[in-house]
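Taken in order, these protein sequences are the chains called X and L. As numbered in our numbering, the first sequence has no gaps in its residue numbers, which increase by one up to the final residue, 243. As numbered in our numbering, the second sequence has no gaps in its residue numbers, which increase by one up to the final residue, 242.
Hint data in this document are derived by calculation from the structure and do not stem from the laboratory.
Straight-line Cα separation of at most 16 Å, EDC-like style, residue types lysine to aspartate or glutamate; simulated pairs:
| id | chain 1 | residue 1 | chain 2 | residue 2 |
| --- | --- | --- | --- | --- |
| 1 | L | Lys-84 | L | Glu-165 |
| 2 | L | Lys-170 | L | Asp-88 |
| 3 | X | Lys-119 | X | Glu-138 |
| 4 | L | Lys-210 | X | Asp-182 |
| 5 | X | Lys-87 | L | Glu-32 |
| 6 | X | Lys-59 | X | Glu-132 |
| 7 | L | Lys-170 | L | Glu-196 |
| 8 | X | Lys-59 | X | Glu-138 |
| 9 | X | Lys-119 | X | Asp-182 |
| 10 | X | Lys-71 | X | Glu-100 |
| 11 | L | Lys-210 | X | Glu-183 |
| 12 | L | Lys-210 | X | Glu-184 |
| 13 | L | Lys-176 | L | Asp-206 |
| 14 | X | Lys-103 | L | Glu-13 |
| 15 | X | Lys-103 | X | Glu-64 |
| 16 | X | Lys-237 | L | Asp-112 |
| 17 | X | Lys-237 | X | Glu-196 |
| 18 | L | Lys-84 | L | Asp-162 |
In this text the structure is predicted, and so the values were computed from the model without any measurement.
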Amino acid sequence: MDISDILQDLNTRHLDRDPFAENGDDYGEDEQSGQADLQALTRAWVNERGAAELLPWPKDGLVERATNRIKQQIELVETMTGDMDPKTNFSLIIIQTEVERWKFLIRSYLRARIAKIDKHTLHYLSTPALMERLSKTEVAYATRYQQLLHGHYLSSFLGSFPANLQNLNDTAGGISMIGGPDEEAGVFVRGLGSREVGGEGSVAVRGRGRDGDGEIDVQRGEVVIARWSDVRDLVSKGEMELV
Amino acid sequence: MALPLQPGLTPMEVAFLCEMEMVTVIPRQRLESLNLLGGPTPALRPPHRAPIPLWLALLLKRQRRANILPPPWLLPSSLDSILKYETDISPQTFSPPPPHPYPISAQPAATDYTSPPFLPSSTADSPPDYLPYHWLELGEILLEACPDDIPDPDRVRTLLRDLREVRMAKMRASIKDLEGGGVSSLRGVGAMEVAEGRQFIVGVMDELRKLGLSREIARREREEDEGGGAGGEDEDEDMGFE
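All chains should be modelled from the sequences, with the hints used to inform the complete structure.
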């Protein structure tokens, strides 16, 4: 069982209960999931901000869950605002500050993704495997954006070209017109620990280099510089994270 | 709408991350537990200490509702010995990061893969001899927000500056390791140092990679011809990077 299973588990338990009845004693379970979501969201944000290419959209509904939490908290703030007791007032400030922090995380995460989609739209729409990484709304956005862009190109200059030169995805001469992100770019990554049971917790990173390939064991918490393509699988497995 | 920023966290974003670190406060007023999104806060009862996230501690401090207990590593004596370690004992590499507070046991636990800022590395009972990942930001933020809670703040400020300089030189020297490629370790580096050095280091690395690409491909082909024998060690003579 890894962290995504745990999150999924907590999520289903969370949904089973009445969302408006959570101010009572049963908050204990929720605490874990709120904290876990915050950690997962923070990690997703830092990873997305660090990587040159688009990372897979979290499949466990992390963003939807976080957005729902924020929505509920804002409703709570609205009902509390009527109460003008100074003590509640201060609690309100704290709650609002925290909501703003969550909102910033989600906003920055989504905007970082949109920036990558804008940059290499055709690349991410080109194969089903790459399209898998986008959320439903992101696919809709990317498709619409590409349509607009193509329409604009056609009306401004592409339309006056000969028909056989109008393609935007030509691969003639062995070179594809569709540019992708630099998968060899250098990144800073931190070891989180091996997912193998019974291991010492260090992760073996094999890095390719000009004069030789090196392999080092990265301890938990150790930060290394490596090429993105060398650590991508470790990051997707959750054995490393970008910093 | 798209984010107009380069890959990698900016110093502002690193500071935002740092504000999620847990610190210990001594409340001066009662405050009931609040159901925050990231979990409930502990009920604050003066004079009992309580661990809360830094952003909340700063909010309480600004309203004079609490005092922040500086982490043990931020005391002048600890910084002094860390600085000694950085300059005398280990002049090439960074001082080691604090040991992971949740050792791996036979039972897999959710905390096995926790990383800063969610490790309690700056609470009042954190170890005094190690600089945590967010040391520089946390030190600066605390010096700014609550110099009255820190013993001898001027000395702490000087020591932080000294540490920063010593470590910046090490960060710069680490670029030499990047020349040949492969993976290079920056064990013990801090978040702000990464944010600061990233553009330069990644830029150097990417350019060197592009320059050496044909050589790398040639080496790979040669090694394949030799049947994957040990290569790479015998061609250092023309590196001359210094």
